[in-house]
Amino acid sequence: MPGHGCQGRAGCRSGGRDAGAGPGARGSFPGRSGPGAPGPPGQSPCAMSGAPGGRRPTFPGLPGERVLEEAAGARQRCGNGGGSIPGTLLCTDRRLAFLPGQALGSRGLLHSQDEVALPCIHKLVAASSFSKPKVLTAASTLKFIPEELAVFCRDFRLLRFYFPENGLAPQAFRVANAIAQAREAAAWLGDAAEGHDGWASPGETTPEEDEDEDEEEGSSTVLLFESLRDWEKELQRLGAAGWRVSAVNERFDMAPSLPQYLWVPSGLLDHDLKRTFAHFQERRVPRLCWRHPGGGDLLRAASFHPASEPGSEDVRCLEALLLGDRGPCVLADTAELPTLADIQLAHLRLRALCLPGAVAEEKWLSALEGTRWLDHVRSCLRKAVEVASLLAGKRCSVVLQEPSDRDLNCLLASLVQLLGDPHARSLPGFQSLVQREWVAAGHPFPRRLGLLCRDSPREEAPVFLLFLDCTWQLLWQFPADFGFTEAFLLALHDSSFSPYFSTFRFSCQRQRGQRSSTPRLPSQTYRPMGGWQDPGGHRGGPHPCTFPPVWAWGRRYTRQQREQFRNPAGPPGPAESLTPGTPADPCPRGGARLVLTLAKGSLCPHALPWWSRPPPRPPVRVSPPPDSQGTQGGLLGTRQPPPGLLLPCTAGPCVRLWHRCYLRGLPQEQRGRLAPSLAGLAEELQLLQDRLRAWNLRRPH
Amino acid sequence: EPQFKNKIVGENDITLQCVDQIYGVYDEKKKLLTGQLRKYPEKLIIYCKDLRVFNFCLRYTKEEEVKRIVSGIVHHSQTPKLLKRLFLFSYASAAPNNTDGRNQTVMFETLEDWRDELERTKGNVKYKAVTTNEGYRVSEKLPLYFVVPICISEESILKYEGRGIPIWCWSCHNGAALLKMSAFPKEQDDSTSQMQKAFLDGISKTISKPPYELLKMDDLSSSLPSLQDIQTAYTRFKQLFLIDNSTDFWATDVKWFSLLESTNWLEIIRRVLKKAIEVAECLEIQHTNVLLIEESATDLCCVISSLVQVMMDSYSRTKSGFQSLIQKEWVIGGHGFLDRCNHLHKSEKEEAPVFLLLLNCVWQLVQQYPPAFEFTETYLTVLSDSLYVPIFSTFFFNSQHQRDTNKSGESLKTQSGPFRFLTVWDWSVQFDPKALAFLNNPLYAEKPKPERSQRKTARFKHQRQLSLPLTPAKPSTKRGFFREETDHLIKNILGKRIGKFINSSDEPHNSLREFYDSWHSKPVDYHGLLLPRIDGPEIKVWAQRYLRWIPEAQLHGGGTIATAAKILDLMEEVQSLQVKMDEEHSQAVSGDVHSVPMLRNSARLSSLFPFALLQRQSVKPALPTSTWKDLEDEDDLVKRDDEFVDLSGDML
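Residue numbers (the working numbering), protein chains in the order written: chain A, 25 to 725; chain B, 13 to 664.
Since the hints were derived computationally from the structure, they do not count as laboratory data. From the three backbone atoms N, C-alpha and C, an ideal C-beta is built for every residue, glycine too. Mixed in with the good hints there might be a few duds.
Stated by the list, open to error - In silico BS3-like links for lysine-lysine, alpha-carbon gap of 27 Å or less:
1. K51/B - K17/B
2. K79/B - K55/B
3. K287/B - K221/B
4. K55/B - K42/B
5. K167/A - K147/A
6. K534/B - K286/B
7. K43/B - K221/B
8. K387/A - K250/B
9. K43/B - K17/B
10. K387/A - K552/B
11. K387/A - K134/B
12. K257/A - K298/A
13. K446/B - K459/B
14. K43/B - K446/B
15. K387/A - K267/B
16. K287/B - K387/A
17. K140/B - K42/B
18. K624/A - K267/B
Said to hold, decoys possible - Some chain B residues near chain A, calculated using beta-carbon distances under 10 Å:
19. K51
20. D260
21. F261
22. S270
23. R282
24. E362
25. I546
26. I551
27. Y558
28. A574
29. K578
30. L582
As the list claims (entries may be wrong) - Residues of chain B clear of chain A, computed beta-carbon distances all greater than 12 Å:
31. N18
32. H88
33. K361
Excised from the complex, chain A in its bound form (with noise of 0.2 Å):
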C-alpha cells in the first residue's frame, strides 16, 4: 500500500484524543482500500470527538461508530524477533481498531488483522513490568499503568500492543479500560432482549446508493429465503418433482424455529401436514433439503417426539410426508457425530494449542491429535460421504434426524449438498446453502458462536466453524471443483464473529423478523443481496431485518480482496446446476414402507415408533436404480465416482489443520502468504504475460 496511511504518525504525544479527520477524509485504513480501488462504500468517516487538523490516518468508522478512547503512539507487536509497528491504538463501540503510522508492504490477506470487533475479543489482558498480567473485564479495574495489552480472539488471533514509557500512561490507561467497558456493553443481549442501544441498526442512515457496483457480482444469485419466490426458484433448480413449497408456517405458529416456507410432498395437503407437527421435537417436521438428479432425496427433521402417540389419521400423514412413494427411507442420526459439548472442548484445545509457544516443536502432531478436533471433522465428513453416496447410488431418500435438527443437521445436510452438487460448490450457490441450511433452519448462531452476554456459556459450540473447516478439507482435497477460495472461507470465518451482519445474529427467521426495529416498506429497506422486492412475497409476514446480510461483501472488502474470492482454478464458468436427470422410475406402490437406519457405516431395517410391530416386509421389491452402478458390487462399485460427486477422503493423511485459519495467533503466521496455488497462479499468468510481451518485443529482430 504505498502511499497509504501516512499522513501523519501517530507520534504525537500531547495528540491523543484530539487527533481527528477533517470530514470527508477518505478512509486509508490498510488492506481495505488498495490503490486505485474505490473506498468502501456507506462509511463516511466517524465523527470524531471535535478536532482540527488530521494528525493521523483517518479511521473510517460505520455510521454511527463512535470513538471512545485511542492511543497514539502505541506500537502493535508482531513476530516473535521484536519487531513492532507504531499506530494508533482506537476503541469505538463496535470495535478495537489499530491504525499504523506507516505503511507495510505485506500485510495479510484480509484487513482484519488490524481490527478486531468487540463481541471478537475472547479475553483482554494488560501486563506491566510491575504487576502481574490481569485479565481485565467491565467490572474489574485496573490498578496499574499498562505497558502491554494482550487481546486474545475467538478467531485465533492474539495482537500485542505495547506502548513505549514515553509519557502515554494515562491514554494507555484509559484505552484498556475503554476496551473493557465497550466489550461488556457491545454484548449482544440475545433473545431476552428487547433493545439494544449500541447496536443502532445502520440501516436507517444507510443511503441506498450503497448498493453500487460493489455488489454487481450477482447480487441476484444469492438466494435469502426470505421470500417465497426464493424458495420456489430453488426447488425448481433442484427439479424435485413431487414436492412443492408449503406456507403453512408462514407466521411462524407452526414451528417457531422453523422458515416461513417448507419443502413437502405435493401430495400432502396443508390441512394434513399441520397434523404432524407435534410429533417432532421443537415441531421441526421432516422438510426436503436436496434432491440428487437421480431420484434421492435429502430430508431433515428433528428426531420424534417422545410423548407422541399419533392417531391413525396423523399416522397416514406422518408416514405420507416421511416415506411417500419415494423407495425407501433410511434415518441417519447424529450419534456417531460429535455432541456439541465435544465440538466446543475440542475447539478450545485447538484454541489453546495455536497460541503460541503452546506445545513444543516436537510434539505439535501429537497435540494436535490431542485436540480431537481433526477427529471430528473427520467424522463429519464420513457421514457426509456416506449419505451423498447412498443418494447418489439408489433412489431413496435419506432423512437427517438430529434430536434439535438445528446444529448437527445444518452441518450434515449442507456438507452433503457441497458433495453432490456442483452448485452448491459455486460462490453464490454457497452462499444459498449457507443461507437455507443454517440461517433459514434455525441454526442459533448467537448461542452457539458464544456472542451472547455471558449468561449461557453452556451452549456454545462452534457448530458453524466445524462446518466451515470441513469445507476447507472439501476445497482442499478437490480444489478444482470449487468456486470460492480458501480467502472467502476465511473472510466468513471472521465474519462470523463481527457484529455489522444480519446473518449471524439471530437464531431463526421468526426472531429476525422480529427485531428489525421499526416496520418498513419493503421498498425502503435494504437488502443488497436480496434481489427480488415484491411486498406481496412477504404476504403480510415480518419485516426482513435491516442489516445487510454477510454476503455485502463490499462493505467489509475492496474489489481485489473480493477477487480473491474466486477460484481461478476452479469450475469453467459459472456451476451449472446439476441437470435433472432422467425421472426415476416411479416406485412400486407398497415399496416405500421400507424403513432403515443408517449407523456405522451400514443399513439396519428399522421400526418407526408408532408400529407396533417389526417393519413389515415389503410386498414388493424395490426397482434397481436407474443406472446398474449400485449392483456391481459397493455402494458406487469400483468405478470412478460418477461426476459432480466428491467423495474425500477421510483418512488421517488426507485431513488437515486449516493453518491459514488456525495458526494466525503464531507470529509466523500473521503476515500474508496466499494459498500457493492461488497466488502462484495469478503471479504466473502475470509473468506469461510479462514474458510473452517481452516476447513480442524482441521477436521482430
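For chain A, the structure is supplied; the task is to place chain B on it using the hints.
Below, chain B alone, put in the same frame as chain A:
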C-alpha cells in the same frame, strides 16, 4: 494407456535393489523371509523401497515352482552380492549408448568443471581447484579434483590423506564460504593426537586470517542426529506407509498423528533444516566461513551443504543446477551410495537413508515455495525411485575412485573398452517427453536474465526491506509477561495445562531466531535466499512419495493434480498463443514448442496421479455391499446379518 510410464521399470516390475522386505504368509501368519527357507509360503508379500507393496498368492502354484521362485527372489534380492554382479555392468556392456544426456548437468569430473563452479560463485579469489589427487594419490575417498583454500599446501593435503583439510563446497555472494572437512578418527595414541591437533590448529589459523573471513566450525556428528538415529526413524516411518491391507490402514488411522510423531522422522527433518538455517545465517548475516566437520565428510556434510546451497543459491533450484549440486556434493563428493542404500546387502549397519533425508528436506522447501523451483515434487519422487534402478551408475558407487576403477572392465570384455555407464540425469532413458513434462514446474518463477547492474539494485532493495519495517528488538526482559497469563488461560479453558508458553526469544539462539523471523516477515524473493518454515505445523509428510500407492488415501478428481491440470491447460493456451505469434512474427516456426496436451480433456484424475494410474482403482465403499443386496432382494431382510464386504481388499 498410462500417461506417466517409466520405460525401464514397468508397473509390476520390482528391481532387485528396490526390494525392501519379503514376507511369507503361512496360515495367516506373516513371517520375514531371509536366506534359506524350510517351508514355502502360500502368499508372498513384497515391500519395496519405493513404498509399493505386492501381494502374490501362491496357493494355486505348483510346489516346485513356488520353491524355485521364492528362493530365487530371496536369494537375488536379500543376500550379499558382488559389485560386479550388479545389473549395471551387464546393461552397460550389452547396451552401449552414445547419448550424452546430462542435460547441462555439470558432472564435476574434470578440473574445468570445478574451475567454472569457482568462477560462477566468485570463489576463485581465495580458493583453488587442485590436482593433488590425480591417480588417487591422496585418498581413494576424495574426488579426483577438489577445491581448497589457496593457502593450503600440497604437503598438508597429502599428510593425512586429506583429513583435516577444509574442502570448499560453495561461496556465498558476500564471499563467505561453506567448507567441509573430514575429522580425524578418535586416536588412542596420545602423541599422534597431539600432532593432529597441532596440524588442525595450524590449518585453522591460516584460513582464519584475512583475506579469509572468520571461521565457524560445526561438528555435525554432535549437533545432528546420528546415522543410526536416522535409519531407525526412517524404518519406523516407512512402516506407516507399507500397507498390505485396508484393515491395517484403518487401524493405524485413528492414531495417525501420534504414530507419525513417534517415528521421529519429521523431527529429524526439522533439525536438519534448522541446522541449514543456522549455517545460512552465519554465511549471510555474520559473514563468517562455516566449516562442517564429520568423520568422513560424506554424509551429513552432504545433506547440510546441499541444503544450504538450495536455500541460498537460486541456481540450485533449477533442474540442471540441482543435478549439478547432487553431482558435486554427493556423487563426486563421495557419498557412499552403495553402502548407504545397502545395494549389495553387505552390511545392514552401514545402511542409512541420508540421500532420502536430503530429498525430504528439499521437498519441504518445494512445497512451501513452489514457484522458486524449476522442478516439481514429482521430480523428487522419481529421483528417489531412481536410487534403486540399477542401470544408472549415479547411485551405485561409493566414490569416484570406485567408479573409475570398475569402469575399465579390465577382466571381461577388454575389446569393448571401458563401460559407458548411463547417468540418471538423462531422464529420457526412463520417461517419454510427455511424462517428462511432469518433472517441470509450470509455475516456476524463472529468473529474468538482467544485466549485472539491475541485479545489484534488486538485491539492494531486498536488503532495504529487511531493515525497514521492523524496529530493533527490545531487550527480552519484558517479553515474558504473558507466560503466566497464557498458562492461566489454558487452565481456564481446559481445566488442565497443555503446555508452557515458551517465548522463543528467551532461547539462546537469539540471532538465529531474529534472522528467521525477520526473513519470514518479508515478502518472499523467489530468486534470493529461501528459508524453510520449521515450526511444528509446517513440517509435513511428503504425501506424493509416501501415500502414492495407498488407494485408501486417494481422492478421485482431487488433490494438487486437479489444480495442476488446470494450470497445464492454461499453459497450453499460452503456448498456442506463442505459436501463433511466432507464425506472425517470424518465418521459421520451430515446431518444438513443447505443449503439454496430455491432461486436456482427460477425465477427473485421481490425486495419486501420476503414480496410481498404474494401479488398481477402487472407491472405498462407504457402505457394505450386502445392504444393497438387501434392498434389491429382500427375501429375508430381517434375518440377514450385517456383513461387511471389503472391496478394496482384493487387490491383485
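Structure-based check of each hint:
Distance restraint check for K51/B and K17/B: the Cα-Cα separation of roughly 37 Å exceeds the 27 Å cut-off, and the hinted pair is therefore not satisfied. For the hint linking K79/B to K55/B, the alpha-carbon distance of about 12 Å falls within 27 Å, and the restraint holds. Our distance criterion of 27 Å between C-alpha atoms is met by K287/B and K221/B, whose separation comes to about 25 Å. The hinted pair formed by K55/B and K42/B meets the criterion: a straight-line CA distance of about 9 Å does not exceed 27 Å.
With a C-alpha separation of about 18 Å, the suggested pairing of K167/A with K147/A holds against the 27 Å cut-off. With a C-alpha separation of about 19 Å, the suggested pairing of K534/B with K286/B holds against the 27 Å cut-off. Restraint check: the Cα-Cα separation between K43/B and K221/B comes to about 61 Å, which exceeds 27 Å; the hinted pair is violated. For the suggested pair K387/A and K250/B, the alpha carbons sit about 20 Å apart, so the restraint of at most 27 Å is met.
Taking the CA atoms of K43/B and K17/B, the gap is about 33 Å. The hint is violated against a cut of 27 Å. Taken as a hint, the K387/A and K552/B pair is honoured in the structure, with Cα atoms around 14 Å apart against an allowance of 27 Å. With a C-alpha separation of about 43 Å, the suggested pairing of K387/A with K134/B is violated against the 27 Å cut-off. A threshold of 27 Å between alpha carbons decides the hint, and for K257/A with K298/A the separation of about 24 Å falls inside it, so the pair holds.
Under the criterion of a C-alpha separation no larger than 27 Å, the hint pairing K446/B with K459/B is consistent with the structure, at around 25 Å. Between K43/B and K446/B the alpha-carbon distance is near 42 Å, which puts this suggested pair outside the 27 Å criterion. With a C-alpha separation of about 14 Å, the suggested pair K387/A and K267/B falls inside the 27 Å cut-off, and the hint holds. Under the criterion of a C-alpha separation no larger than 27 Å, the hint pairing K287/B with K387/A is consistent with the structure, at around 19 Å.
For the hint linking K140/B to K42/B, the alpha-carbon distance of about 57 Å lies beyond 27 Å, and the restraint is violated. Pair hint K624/A plus K267/B holds up; C-alpha atoms about 19 Å apart against a cutoff of 27 Å. Because the beta carbon of K51/B sits about 35 Å from the nearest beta carbon in chain A, more than 10 Å, this interface hint is broken. The beta carbon of D260/B comes no nearer than 12 Å to any beta carbon in chain A, farther than 10 Å, and the hint placing it at the interface is violated.
For F261/B, the interface hint holds, since its Cβ comes within 10 Å of a Cβ in chain A; the closest pair sits about 7 Å apart. Among the interface hints, the one on S270/B holds; its C-beta lies about 4 Å from the nearest C-beta in chain A, closer than the 10 Å criterion. Annotation: interface hint on R282/B holds; nearest CB of chain A at approximately 7 Å, less than 10 Å. This hint is violated: E362/B has a C-beta 28 Å from the nearest C-beta of chain A, more than the 10 Å allowed.
For I546/B, the interface hint holds, since its Cβ comes within 10 Å of a Cβ in chain A; the closest pair sits about 8 Å apart. Below 10 Å, beta-carbon pairs count as interface contacts, and I551/B has one with chain A at about 8 Å; its hint therefore holds. With its C-beta approaching chain A no nearer than about 8 Å, Y558/B sits inside the 10 Å limit, and its interface hint holds. Proximity of A574/B to chain A holds as hinted, the smallest CB-CB distance being about 4 Å (cut-off 10 Å).
A distance limit of 10 Å between C-beta atoms decides the matter here; for K578/B the minimum to chain A is near 4 Å, and the interface restraint holds. Contact between L582/B and chain A, as hinted, is supported at the beta carbon level, the nearest pair being about 7 Å apart and thus within 10 Å. At roughly 24 Å from the closest C-beta of chain A, the C-beta of N18/B stays outside 12 Å, upholding its exclusion from the interface. The claim that H88/B is not at the interface with chain A holds, since no C-beta of that chain comes within 12 Å of its own (minimum 33 Å).
Its beta-carbon lying about 27 Å from the closest one in chain A, K361/B satisfies the requirement of being farther than 12 Å from that chain.
Of the numbered hints listed earlier, those contradicted by the structure are 1, 7, 9, 11, 14, 17, 19, 20, 24.
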